[in-house]
Structures are given as C-alpha cells and as structure tokens.
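With chain Z's structure known, arrange chain D on it following the hints.
Just so you know, the sequences run in chain order Z and D. In case it helps, the working numbering puts the first sequence at residues 1 to 256. In case it helps, the working numbering puts the second sequence at residues 1 to 72.
None of these hints come from the bench; they were simulated from the model. Among the hints, erroneous ones may be present.
What the hints assert, rightly or not - Here are the simulated SDA-like cross-link-like pairs (lysine to any residue), alpha carbons at most 25 Å apart as the crow flies: (1) K2/D <-> L73/Z; (2) K137/Z <-> L4/D; (3) K137/Z <-> N158/Z; (4) K2/D <-> I108/Z; (5) K2/D <-> D72/Z; (6) K72/D <-> P101/Z; (7) K137/Z <-> A97/Z; (8) K137/Z <-> K72/D; (9) K107/Z <-> I58/Z; (10) K2/D <-> I58/Z; (11) K183/Z <-> F109/Z; (12) K72/D <-> T22/D; (13) K72/D <-> I52/D; (14) K107/Z <-> L26/D; (15) K137/Z <-> S13/D; (16) K107/Z <-> T22/D; (17) K2/D <-> L144/Z; (18) K107/Z <-> S13/D; (19) K72/D <-> I100/Z; (20) K72/D <-> L193/Z; (21) K71/D <-> L236/Z; (22) K137/Z <-> L193/Z; (23) K2/D <-> S49/Z; (24) K2/D <-> V48/Z; (25) K137/Z <-> V9/D; (26) K137/Z <-> E6/D; (27) K137/Z <-> P69/Z; (28) K2/D <-> L102/Z; (29) K107/Z <-> E6/D; (30) K72/D <-> I58/Z; (31) K107/Z <-> I59/D.
Claimed, not checked - Quick list of simulated restraints, FRET-style, between CB atoms: (32) E6/D <-> I172/Z: 23 to 33 Å; (33) R64/D <-> F226/Z: 41 to 51 Å; (34) S40/D <-> K107/Z: 50 to 60 Å; (35) K71/D <-> D104/Z: 19 to 29 Å; (36) V8/D <-> V68/Z: 30 to 40 Å; (37) I41/D <-> V181/Z: 50 to 60 Å.
From a predicted model like this one, the values you see are computed outputs, not experimental measurements. Backbone N, C-alpha and C define an ideal beta-carbon position, used for all residues, glycine too.
Here is what each chain is made of, one letter per residue.
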Amino acid sequence: MDFSHSGVESSAIIAAFLASTVEVVEAFTIVLAVGTLRGWRPAWIGTVSALILLALAIIIFGPLLGRVPITDLQLVVGVMLLLFGMGWLRKAILRSAGVIPLHDENKIFAEEQATLIEETKSKSSSQDWIAGLAAFKAVLLEGLEVVFIIIAVGSGRNLLWPAALGALAACIVVLIIGMLVHKPLSRVPENTLKFCVGVMLSAFGVFWTGEGLGIAWPGQDLILLFFGAIFLGTGLLMAYALRDLPHSNKLLKTMK
Amino acid sequence: MKILQEVVVELFSMFMADVRMTIFTLLLVAMAATFLNFTSINTVWIGAAFFIGCLVTVIQAVVREKRIRAKK
Chain Z
1 MDFSHSGVES SAIIAAFLAS TVEVVEAFTI VLAVGTLRGW RPAWIGTVSA LILLALAIII
61 FGPLLGRVPI TDLQLVVGVM LLLFGMGWLR KAILRSAGVI PLHDENKIFA EEQATLIEET
121 KSKSSSQDWI AGLAAFKAVL LEGLEVVFII IAVGSGRNLL WPAALGALAA CIVVLIIGML
181 VHKPLSRVPE NTLKFCVGVM LSAFGVFWTG EGLGIAWPGQ DLILLFFGAI FLGTGLLMAY
241 ALRDLPHSNK LLKTMK
Chain D
1 MKILQEVVVE LFSMFMADVR MTIFTLLLVA MAATFLNFTS INTVWIGAAF FIGCLVTVIQ
61 AVVREKRIRA KK
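Isolated chain Z, as found in the complex (with noise of 0.2 Å):
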C-alpha cells in the first residue's frame, strides 16, 4: 500500500516538526532569557553543552534499539506514545477550554530573566556559570522530549531519520525566526500545536501498541488516519462543551 512507506513517513516527519517546534520554542525562550540579560556566551555554551550531551545519549541508546524484536519495540513504544500524546492531548483541551491557562512565552521569559537576577545575587559563583547552567537545563529537559518524540514516531517502522529530519527542521525554523524577531516566540500558536501532536501521537500510540499485541488492524496503515479523526472530533468537541457555557455544567452533572 502507497500509504504504508510514504504516507506514515510523513505522518512521522510532520509529528516530529510540529511537537519539535513546541519544545524548541520553550527552550529558546530560556536561551534568549539569559542571552539577554548575561551575554551570548553563556547562553552558547550552555546550549552547545546540552546538545553534545543530548547526541552522546543517541549514539549510545540509538544502536540498543535495533537489537530489541520489533513486535516488543512496537508494543513498548507503542504505549509511551499513548502516555505522552494522550497527555498532551488532555492539556491542550483543558487550554482550548479555558479550564487551565495557555502557556506565555512572554511570562516564562520574565520570570526566567527575575530568577537569574535573583539566583546571581544570592549566589557568590560566577554569574556566567549560573546563566550557562539556566540555558543547559532548558535545552537538556527540552531536548529530552524532543528525543523521545524521535524515537517513538521513528523506531516503529524504521523512521528515525525521517523523525530526526523533522524535529531537526523545527530547530532550524524556530533559530531563524527566533534571530530575527529577537524576543520570545509568543505568537506561535504552541496550544494549537500542542493539540495536533496530542492527536497524532496518540493515534500512532493505539496503532503500534495494537500491532505489539497482535492486532490486525483493519486497512492497515490507512486506519491511522481514522484513529486520528477520532482524536480529533473528539478532543474539538470536549474543548467546546468545556468552555465556560452555561451546559458546560449540565454535562459535569450527568457524567457524575
């Protein structure tokens, strides 16, 4: 089938850039705090660090995962991914509801550029060291995500490079728009993002934990597509119900 090759390897690209973006956004913002507010150079050498560190863990773990039965590699990352997309489909519903507030890039750049005046005040180690760390942190637990995200959409169906093709796409997109603008990417709209990749990983989290275990789906790949319209209708109409209508109340009442 035409859909199995080049129709999940873009599902996989596209599911890698879009949940790239949203992590590389966050992380660039806590780089552009600290570049800001201490200089270029310990924002650099705190981002450089944590990508080496971040490429020593793929070189590493990388090769693991092509010694693992691919039924047992499906089943297992089959059900991270329904963890992780179902996560962040339940937080971006609860956003689009108003039920939690959206995230500020412009507040997480305030508070983060405040936290380093404070913690370089306090502390009597070198404040560059204290900034370089701030921007090592950002991009390790970002990154973190970022390559989980790779694994999980790429190591199912031997997609990685597809995958790292993507999310590497999305760094390139968000430094260069983020050189230009030169302040927080506020008016990207990570929620928006956020549902998209909740809807897709979870659809490919049903998908491969369902191949794990021995499911013969029908329409084979094609069945994703089906599985993600759920999501989605789904996730649209709860954040509709949600929002803060009069019914919104009635439907708490008869879900009790």
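Chain D alone, transformed into the frame defined by chain Z:
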C-alpha cells in the same frame, strides 16, 4: 546532582501528567493483551474496544480536571 534529579522528574512527568489516566491506559493495555492471549475473540473487536477505551480515558481525565478546578 540537582540537574539529574530534574531530568528524572522531567522524564517521569512526560508519562505521568495525570496519574489516574496513566493507570487506566496501562490497565487497558493489560486487558487487551489478556483478551488477545486467552480468548478467541476476533482481534479487530479487541482493537476497537481498546481504541474506545483510550478515548473514554482521555474524556474522563479532561472532565475530572475541569470538575476539580471548578470546585476551587
């Protein structure tokens, strides 16, 4: 050491954003595996039930969070 701790917390929170949702999802996987291995039910039906179970789990997690926040 603090960074290592933060890395572990980050990894943990990636999959345990909502503990109850995580437990329900793992239970669904365990149930699907049990039915596949110990019954002769068509795998498509088990797959369909598993998918619907995942949908219900997300819906339930969202509604529960809304209810908790509405009480505050």
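**OP:** Compare the distance between the alpha carbons of K137/Z and V9/D with 25 Å, and conclude whether the hinted pair is satisfied.
**Re:** Since the Cα atoms of K137/Z and V9/D sit roughly 13 Å apart, the hinted pair holds (cutoff 25 Å).
Subject >> Distance restraint hint 50 to 60 Å, applied to the beta-carbon atoms of S40/D and K107/Z >> reply: Holds: the Cβ-Cβ distance is about 56 Å, inside 50 to 60 Å.
**OP:** Would you mind confirming whether the straight-line C-alpha gap from K2/D to V48/Z stays at or under 25 Å?
**Re:** 20 Å, holds
Subject >> Given pair status - L193/Z, K137/Z, alpha carbons within 25 Å >> reply: 23 Å, holds
Original post:
Between K71/D and D104/Z, does the beta-carbon spacing fit 19 to 29 Å?
Top reply: At 25 Å between Cβs, range holds.
Original post:
CB of E6/D to CB of I172/Z, is that within 23 to 33 Å?
Top reply: 27 Å, holds
**OP:** Starting from K72/D, check that the Cα of I52/D is at most 25 Å away, please.
**Re:** 31 Å, violated
Original post:
Taken at face value, is the distance from the CA of P69/Z to the CA of K137/Z at most 25 Å?
Top reply: Judged against 25 Å, a Cα distance of about 34 Å means the pair is violated.
**OP:** Could you grab the alpha-carbon distance between K2/D and I108/Z and see if it respects the 25 Å cut-off?
**Re:** Between K2/D and I108/Z the Cα gap is close to 21 Å, so the pair holds against 25 Å.
Original post:
Going straight from one Cα to the other, do K2/D and L73/Z come out at no more than 25 Å?
Top reply: 31 Å, violated
**OP:** Could you grab the alpha-carbon distance between K72/D and I100/Z and see if it respects the 25 Å cut-off?
**Re:** Holds: K72/D and I100/Z sit about 13 Å apart, inside 25 Å.
Original post:
Would the pair K72/D and I58/Z pass a check requiring their Cα atoms to be no farther apart than 25 Å?
Top reply: 43 Å, violated
Comparing the model with each numbered hint stated earlier shows that hints 1, 3, 5, 7, 8, 9, 13, 14, 16, 20, 27, 28, 30, 31, 33 and 36 do not hold.
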